[in-house]
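Just so you know, the sequences run in chain order W and L. Residue numbers for the first sequence follow our numbering, so the first one is 1 and each next one is one higher. Residue numbers for the second sequence follow our numbering, so the first one is 1001 and each next one is one higher.
Don't read these hints as lab results, they were simulated from the structure. Since this is a predicted model, take the numbers as computed values, not measurements. Beta carbons: idealized from backbone N, C-alpha and C, even for Gly. Don't take each hint at face value.
Among the chain L residues that face chain W by a calculated CB cut under 10 Å, a handful are [unchecked claim]: (1) Arg1049; (2) Glu1075; (3) Glu1097.
Pairs of lysine-lysine, BS3-like flavour, derived with a Cα cap of 25 Å [claimed, not checked]: (4) L:Lys1128 x W:Lys203; (5) W:Lys205 x L:Lys1134; (6) W:Lys370 x L:Lys1134; (7) W:Lys203 x L:Lys1111; (8) L:Lys1071 x W:Lys220; (9) W:Lys10 x L:Lys1086; (10) W:Lys205 x L:Lys1227; (11) L:Lys1128 x W:Lys10; (12) W:Lys219 x L:Lys1071; (13) L:Lys1086 x W:Lys370; (14) L:Lys1086 x W:Lys220; (15) L:Lys1134 x W:Lys10; (16) L:Lys1071 x W:Lys10; (17) W:Lys203 x W:Lys220; (18) W:Lys203 x L:Lys1134; (19) W:Lys219 x L:Lys1111; (20) L:Lys1086 x W:Lys219.
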Amino acid sequence: MRTLMFLLQKEFRQIFRNAMILRMIIAMPIIQLLIMPMAADFEIKNITISIVDHDRSSYSQKLVNKIIASGYFRLNDYSSSFHESFGEFQNDNSDLILEIPLNFEKDLVRENSSDLFIAVNAINGTKASVGSSYLGRIISDYNSDIRLQRSEPQQMTASHLIEITTLNWFNPFLNYPFFMVPGILVVLVTMVGAFMCALNIVKEKEVGTIEQINVTPIKKYIFILGKLIPFWLIGIFIFSIGLFIIARFVYGIIPMGSVIVLYSFLGIYLIALLGIGLIISTYSNTQQQAMSLAFFCMMIFLLMSGLFTPIESMPEWAKVIAKCNPVTYFIEVMRMVVLKGSGFSDLIWQFLIICGMAVFFNTWAIVNYKKTS
Amino acid sequence: MVDVQVTNISKSYGQERQNAVDQVSFSVSKGELFGLIGPDGCGKTSLFRILTTLLLPDSGTASVNGFDIVKDFREIRRRVGYMPGKFSLYPDLTVEENLHFFATLFDTTIKANYDLIKDIYVQIAPFKDRRAGKLSGGMKQKLALCCALIHRPTVLFLDEPTTGVDTVSRKEFWEMLKLLKGEGITILVSTPYMDEATLCERIALIQKGTIMSIDTPDQIIHQFPKKIYAVMARNMGALLADLRSIQHISSCNAFGQYHHITFQDEDVRTPRKLIEELEYRGHVDMEITLIDPTIEDCFINLMDRHGN
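Hey, can you work out the whole structure from these sequences and the hints?
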């Protein structure tokens, strides 16, 4: 026990003496939490649109005004030839073309129907689908406007209109950072667990100090514990800075659910992650190898975690990978507790899985550690 | 009393299965200063790593302090001090912190064993707050030795302690080893420098994982089978080529400013004949003297014999 205390003391002394690591521990959570949620905004604005108006009537004018006034679209050009606008489209200057046919107003008034044509640049899939659905909504809105205008007052009751009102639960203002910040906190903790811990152990191998340690009577598990505990604490520290300082004071995010549930999950999650760090360290002999391996794992963990893209929309095989990814569960738990206020009873499944992962990764690490030494 | 007993230890690495250590046996008595002498890659470090329980041998047995290196590795770790060839203390901890750290790992304190390291530690004490990574080569060696001694080991393994260290520090280092010997610590030291061999009480000459000879340095020199002469002339390069072309010279090697040669026959008149022959070939300022063989002569001689 005394030896362990001393190992920890030595470990912290080394960490605090390494200016680079110290800066990373303090600055990384702050910078990442400040930059990423602000920049990565999925709400699409500034969609450029080309409007080809063959009609030039008051109706078509009204539609154009409505589209521009919505704030989502920026008018790139307003022409009377599709060909001209298509050029703009090809040069990537506009994302959408709306073609208003000749006699648009006349047909609407006389025959009660008319057609519109929309062409979408689908290179950026999200932008294309969001843009065309916005446009669709504006047009249908416009459609109901003119129907109301043109129908006689007594007919009003007869026209069947379904009005949709949406209420956004758990994140009423669709505030994007509310969704992102809890996820990014998880990423930060993961970096500390997997990266720093692995690098630290491999450094001892690279410098050769592990040789000197190995000839002492110190027990292996004490040595390993001496390596894991500091990073477990640092992980919790970074998480706390992120949650109680940045998330609260910059984004105004206050966890709806119990902080105790969050921290208990964090504790187990970090054990699992440190296990992964340990696995990486047993497979690599130099810090460079460890770095590459950790980076590879990190990329997969992040992209397959549901942080950016929802897991539900992944193909089946990708869902399987995402389900084996510890990051997935922590992000899920974070969002559920912070935004929805879920309690322990809602999260039993996630707790069980992360416990299983902690046991699995650490067993793997220990077995492999024994093999290599 | 035997402190280190090695019996038929072998170890090989990699796919080619070339033996790094091949059927090595020797024993070291308590309080002895034992040297393993051999070139780089001859298996010295592997042998040390086996004896300090860092590496498992493929076959053979060994014991340190009467404990088996495989079964009782924990006991051995408690009792031996090991100083690897590469500096392996924490460069980001200070001199004092390193020492304190290793003392704690052995569940002891600097104070308890200060008398043992005092003579060495006073030399680095002025730098005790300096980070170990910022010390000079000689200082690093001294600190490493202190750390290896801090738990008062009964056997000390020093793997090439003087490699890459300047002449003055090397000399000082050997002085320190003599002091430690006085404390009754058994010391095994490996070195590629043949001139350090005579500083050991007994040496083992190693080549390609096998021991060629084990004895006191004097005995090994004494066992040199032939008379050896040092030859010098103005043009040493041409001399070497000529000496090697002469039939009745059995060995010829360049040693600093002389070439060391041995003859096929031990006739006292042979050197004179050689001088005449060389003068005939146009060499001037020649000098030939009968000398005592050095350990290096012995090593080369043994190596040639084993090679054939």
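Which numbered hints turn out to be false for this structure?
6, 7, 10 and 16
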